[in-house]
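For reference, the chains in residue letters:
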Amino acid sequence: MEWKLSTTSISKYSTRIAGLFVMVEVVSVVFLWSLNPVSLAQQAVFAILLAIDLISLAMISYVYRSCKQGNQINRVVVIGSCCLILIFVYISLAL
Amino acid sequence: MTTTDLEAKKKEPDQSGRETAAKLSRDSASVLARIAAWFDSRFGLSYPFLRDAPEYSINPFYWLGALTVVAFVIQGITGIMMMLYYVPSPSQAYSSTLFIFQSVSYGRFLQTVHLYTAYAMIMLAFMHMMRGYFVSVYKKPREAMWIIGMIMGFVTLGFGFTGYLLPWTVVSKSATDVGVGMISALPQPLSSFLKFLVVGAAGDAGVLLRFYDLHVVVLPAILLLLLATKMYMLEAHGVSEPMGGLESLPKKKRALIPIFPDVTFYLVELAAFFGSAMLLISALFPLTLPPQYTPQLAAQYTSQPDWYFLWIYQILKFKVFETAGLPVALSLITLIFIVLVLLPFIDRGEERRIGKRMKFVTLGAIFVAEVITLSVWGELTPGQVIPNEQGVLVLGGVALLVTLTSVALYRLISRAAGLRGKKMATTTPETPPQPLSKSASVWTAASFSILLGLATFTFGGTINSLVGYTVDRGSYSLITSSVLYVAGLCISLFGIAYFLYRLELGSGRLKRRIKAFEAGWNGN
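Heads up: the protein sequence lines correspond to chains F and U, in order.
Under this note's numbering, think of the first position of the first sequence as 1, with each following residue one higher.
Under this note's numbering, think of the first position of the second sequence as 1, with each following residue one higher.
One or more of the hints may lead you astray.
In silico EDC-like pairs for lysine to aspartate or glutamate, Cα to Cα no more than 16 angstroms straight-line [to be verified]: (1) U:317 with U:379; (2) U:139 with U:241; (3) F:68 with U:55; (4) U:139 with U:351; (5) F:68 with U:262; (6) U:230 with U:143.
The following residues of chain F were derived to be distant from chain U, with all beta-carbon distances above 12 angstroms [unchecked claim]: (7) 15; (8) 16; (9) 19; (10) 22; (11) 23; (12) 27; (13) 29; (14) 30; (15) 31; (16) 54; (17) 60; (18) 68; (19) 76; (20) 88.
Because the hints were derived from the structure by calculation, they are not lab data.
Since we're looking at a predicted model, the values are computed, not measured.
Using N, Cα and C, we set each Cβ at its ideal position, and we do this for glycine too.
Please take these sequences and the hints and turn them into a complete structure.
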C-alpha cells in the first residue's frame with residue numbers, strides 16, 4: 001500500500017487537510033471560552049483542548065512546509081495526528 | 001461642443017482623480033519605503049542574521065537545545081502570571097500559592113504546567129548534553145560552546161533548586177534545608193560565597209527572598225545572556241556536521257534550506273508537539289499541594305530532594321560519606337562536573353564517530369547508567385544510610401555490566417565491519433597477530449585486577465551473608481545483600497571468563513600451551 005500521497009495531488013489534498021485542522025482549531029477555541037476557569041476538572045479539559053489546538057497548528061505547519069518544499073505529505077503523520085486528536089477529545093470527555 | 005467633447009469633459013475629473021490617487025499612492029509608498037529603509041539601515045533588518053540550515057538538521061535530535069529554550073519560554077510565561085499573585089515571605093508564601101491554586105482562573109493549570117515544563121527543561125538539557133557528548137560536538141572549534149552549554153545546564157539546575165522552595169511546603173522547605181546545610185561542608189571560599197549569596201543573615205525570610213530574587217531575576221538574566229552568546233556562536237560555526245562528515249551524506253541531505261520559513265516551521269511543529277505533551281501530562285496528573293511547612297511537621301518528615309538531585313543525594317547517603325566524609329563526597333561530585341566542563345580539553349582526538357571512540361562512549365554510558373541507578377535507588381530508599389559494601393556492589397556492578405555490554409557491542413560491530421571488509425576485498429594479505437600495545441596491556445592488567453578483587457570481595461560477602469541468613473532467616477536486608485553479592489560474584493566471574501577467552505583462547509595461546517602440555521605428557 002502506498003503510504004504517501006502522490007505529488008500531483010498534493011495541492012488538492014493539502015488544502016483539504018489544512019482546512020480540516022483549521023476547523024478543529026476553531027471548534028476547540030470556541031469550547032475553550034465556554035469553560036469555567038476556576039473549576040479544577042474544567043482546567044484539565046482546558047489543557048486538553050489547548051493540546052488539540054497545538055497539534056492542529058503543528059499539522060497545518062507540516063502541510064504548508066511539505067507543499068512549499070515539494071515533499072510528499074506522509075499519510076501516517078496525518079492519520080496519526082487525527083487519531084491523537086480523537087484520543088484527546090475522548091480524554092477531555094472522560095475528565 | 002460635440003457629444004464626444006462633453007464625454008471627455010465628464011471623464012476629466014475622474015482621470016485627474018486617478019492620477020492624484022496614483023501620486024498619493026506613490027508618495028505613500030515612497031514614504032513607507034523610506035521608513036522601512038530607515039529602520040533597515042538602523043537595525044539591519046534585511047541582514048540575514050540567521051544562516052541557512054542544512055537539510056540533515058531536520059531531525060529532532062538536532063533541536064533538543066531549541067526545545068529546552070521553548071520549555072524556558074513556557075516557564076517564563078507561566079512564571080510571570082504566577083508572580084502577579086505570589087508573595088515571597090514565609091508567612092504568606094504558602095497562602096498565596098494556595099490562593100493561585102484555588103481561586104485564580106486556571107491557577108492550578110498554570111502551576112502544573114510550570115512544574116512539568118521545569119522537569120522537561122531539566123530532562124531536555126540533560127539529553128542535549130549527553131547527545132553532544134556521544135556525537136562529540138564539543139570538539140574543535142566548538143569547545144567554548146560546550147562550556148557555555150554546561151554553565152547553562154548548571155543555571156537550569158539552579159532554577160530547580162531555587163524554585164523548589166518558593167511554595168513553602170513541608171516537602172520543599174525540608175529538602176532545601178538539607179541543600180543549604182551542605183553549603184557549610186564545601187571548601188572555604190566557595191562555602192562563604194554561597195552562604196552570602198543564598199542564606200544571608202535574615203533567617204528564613206532572607207533565604208526565601210534571596211531564592212525568589214535568584215529564581216525570577218538573576219538566573220533568567222544569566223541564562224538569557226548565555227543563550228545569546230551561544231546563539232551567536234552557533235551562527236558563527238553553523239549546525240554541527242554529522243559524525244561521519246558531510247561526505248557520508250547524500251547530496252540532497254547536504255543542501256541548505258532557508259531558516260524562514262522551512263526551519264522555523266519545523267521548529268513550530270516540534271514546539272507544538274512538545275507543548276501538547278506537556279499539556280496532556282498536566283491534565284492527567286494535576287499538581288497536588290503538600291501541607292504548609294511548620295517545624296513540627298518537618299520533624300516527622302523524611303527530607304528528600306526533587307528527582308533531578310536524587311543521584312547526588314544518594315551518593316551523600318553512603319555510610320562512608322556520613323558527617324566527616326561529606327566534604328570528600330561534595331568534592332567528588334564537583335570533580336565530576338569539572339571533568340564534564342573541561343571535556344573538550346580532555347578528549348582531544350579528532351575522531352568523532354561513535355564506533356571509533358569506545359573509551360569515551362563507554363564512560364558516558366556508565367555515567368548515564370549510574371545517574372539513573374542512583375536516582376531510582378534514592379527514590380526507593382528515602383532517608384536510609386547505604387552500607388558501603390552495598391554501594392560498591394551496586395555501582396561497581398552497573399559499571400561492570402555497562403562496560404562488558406559496551407565491549408561486546410564494539411566487538412560485534414568491529415567483527416561485522418571486518419566481515420564486510422573481507423567481502424569487499426578481493427585478496428587480503430595475511431598479517432601475523434600483533435602483540436598488545438603498552439597502553440592496552442596496562443588497561444587489561446588493571447581491569448583484570450579489579451575483576452579479581454571484586455570476585456574475591458563478593459565471594460567473601462556471599463559466604464558471610466549466607467551464614468548470616470542461616471542464623472536470622474527472616475531478615476529482609478540479609479536476603480537483599482545475599483542477592484546483591486551473588487549478582488556481583490556472577491558479573492565478576494563472567495568478566496574474568498571473558499578476559500581469559502579474549503587473552504588466551506582468542507589469540508590461540510592457551511590452545512598452543514595445551515598442545516605443548518599434551519605433547520610433554522605423552523612423553524614425546
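Going through the hints against the structure:
Our distance criterion of 16 angstroms between C-alpha atoms is met by residue 317 of chain U and residue 379 of chain U, whose separation comes to about 12 angstroms. About 11 angstroms separates the Cα atoms of residue 139 of chain U and residue 241 of chain U, which keeps this hinted pair within 16 angstroms; it holds. Pair hint residue 68 of chain F plus residue 55 of chain U holds up; C-alpha atoms about 14 angstroms apart against a cutoff of 16 angstroms. A C-alpha spacing of about 9 angstroms is found between residue 139 of chain U and residue 351 of chain U, which places the hinted pair at or below 16 angstroms, so the restraint holds.
Restraint check for residue 68 of chain F and residue 262 of chain U: satisfied, since their Cα atoms lie roughly 8 angstroms apart, inside the 16 angstroms limit. For the proposed pair residue 230 of chain U and residue 143 of chain U, the alpha carbon gap of about 11 angstroms is at most 16 angstroms, so the pair holds. Every CB of chain U lies more than 12 angstroms from the CB of residue 15 of chain F, the least distance being 17 angstroms, so the non-interface label holds. With a least CB separation of 19 angstroms from chain U, residue 16 of chain F remains clear of the 12 angstroms interface cut-off, as annotated.
Even its closest Cβ contact with chain U, about 18 angstroms, leaves residue 19 of chain F beyond 12 angstroms, as expected for a residue assigned away from the interface. With a closest Cβ-Cβ approach of about 14 angstroms to chain U, residue 22 of chain F is found to remain outside the 12 angstroms limit, as its non-interface label requires. Interface exclusion of residue 23 of chain F from chain U stands, the closest Cβ pair being 17 angstroms apart, more than 12 angstroms. Listed as a non-interface residue, residue 27 of chain F keeps its Cβ farther than 12 angstroms from every Cβ of chain U; the least gap is roughly 16 angstroms.
Chain U leaves residue 29 of chain F outside its interface by the beta-carbon criterion, the shortest separation being 14 angstroms against a cut-off of 12 angstroms. Chain U leaves residue 30 of chain F outside its interface by the beta-carbon criterion, the shortest separation being 17 angstroms against a cut-off of 12 angstroms. With 12 angstroms as the threshold on Cβ separation, the claim that residue 31 of chain F sits away from chain U holds: the shortest Cβ distance comes to roughly 14 angstroms. With a least CB separation of 4 angstroms from chain U, residue 54 of chain F falls inside the 12 angstroms interface cut-off, contrary to its annotation.
Non-interface call for residue 60 of chain F relative to chain U: violated, since the shortest CB-CB distance, roughly 9 angstroms, does not exceed 12 angstroms. For residue 68 of chain F, the requirement that its beta carbon stay farther than 12 angstroms from each beta carbon of chain U is not met, with the minimum near 7 angstroms. With a closest Cβ-Cβ approach of about 15 angstroms to chain U, residue 76 of chain F is found to remain outside the 12 angstroms limit, as its non-interface label requires. Here residue 88 of chain F does not stay apart from chain U, with its beta-carbon only about 7 angstroms from theirs, under the 12 angstroms limit.
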